[in-house]
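Produce the complete structure using the sequences and hints provided.
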Amino acid sequence: MRAMQTHRSAQEEPAGSKVVLVTGASSGIGEAVAARLAAEGHVVVAGARRTDRLKELAESTAETAARAGGGVHPARLDVTERADVDAFVRDARERHGRVDAVVDNAGVMPLSRLDSLLVEEWDRMIDVNIRGLLHGIAAALPVFTAQGSGHVVTVASIAAHEVAPTGAVYCGTKHAAWAITEGLRIESDPGIRVTTVSPGVVESELADSITDPGAAEAMRAYRAYAIGPDAIAGAVSYALAQPADVDVNEIVVRPAGLR
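Those letters in the sequence shown? Residues 93 to 351, by the working numbering.
Everything labelled a hint here was simulated from the structure, so no lab data went into it. Computed from a prediction, not measured in an experiment: that's the story for all the values here. Keep in mind that the hints are not guaranteed to be accurate.
[To be verified] DEER-style ranges, computed between Cβ atoms: (1) E309 / V338: 40 to 48 angstroms; (2) V344 / R315: 13 to 21 angstroms; (3) V345 / A271: 18 to 26 angstroms.
In this text, a Cβ means the ideal position worked out from N, Cα and C, and glycines have one as well.
Below you can see the structure in the form of structure tokens.
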């Protein structure tokens with residue numbers, strides 16, 4: 093995996109700019125996070141498998157980002173492949189001299205009842221939502237330790253805090269993401285900050301992967317209250333913007349219409 097666009101050197105980046113890596117950046121929350129951070133002047137390395145979507149994101153945000161001194165730089169990434177994630181982090185560090193934050197956002201959500209026995213879909217959720225997160229931590233943690241600083245942001249879900257019908261496996265993966273991230277926070281030195289952002293229902297493509305008819309119908313009703321992904325991007329931005337001695341551990345963002 094190599095970055096698809098020439099990056100500026102660390103010396104050319106504006107004061108206060110962070111080098112932020114975002115996974116799952118081709119749509120939904122990841123796309124919104126990448127766009128917002130670039131507009132705030134950060135150098136964003138946006139990773140995903142759909143490189144065409146990443147190129148479109150880089151082009152659509154280029155003017156606004158350039159005014160702030162930031163930019164979106166596409167990189168092909170499959171978080172289920174450890175070598176891909178290692179290269180994603182390594183390339184960013186080589187090009188910019190550092191990595192300030194990794195936003196582990198990539199996720200899938202093919203909901204179904206357990207008795208539907210959609211085992212391949214369960215495996216996919218485990219691979220992306222859990223192993224993908226662990227690959228991100230394994231790649232970033234040595235860099236952050238060497239730097240003496242860094243920030244891991246996990247985009248989990250309200251599903252990390254509650255279980256709903258058709259969501260047993262998905263909720264299990266998000267419970268795991270929450271627990272892994274909390275464990276990282278407890279184990280890390282103070283220079284490494286750790287944040288979990290748990291969104292409620294958000295406008296995204298996640299529901300498009302649901303093949304179980306009953307789960308798909310339930311999700312259509314649930315998503316009537318969906319909020320825009322920029323609400324989650326705002327939470328990520330807030331956590332990253334805090335001073336080095338402030339560690340925002342967890343943020344839950346949900347639609348006001350759902351209690």
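Structure-based check of all given hints:
{"no.": "1", "hint": "E309 / V338: 40 to 48 angstroms", "verdict": "43 angstroms, holds"}
{"no.": "2", "hint": "V344 / R315: 13 to 21 angstroms", "verdict": "18 angstroms, holds"}
{"no.": "3", "hint": "V345 / A271: 18 to 26 angstroms", "verdict": "20 angstroms, holds"}
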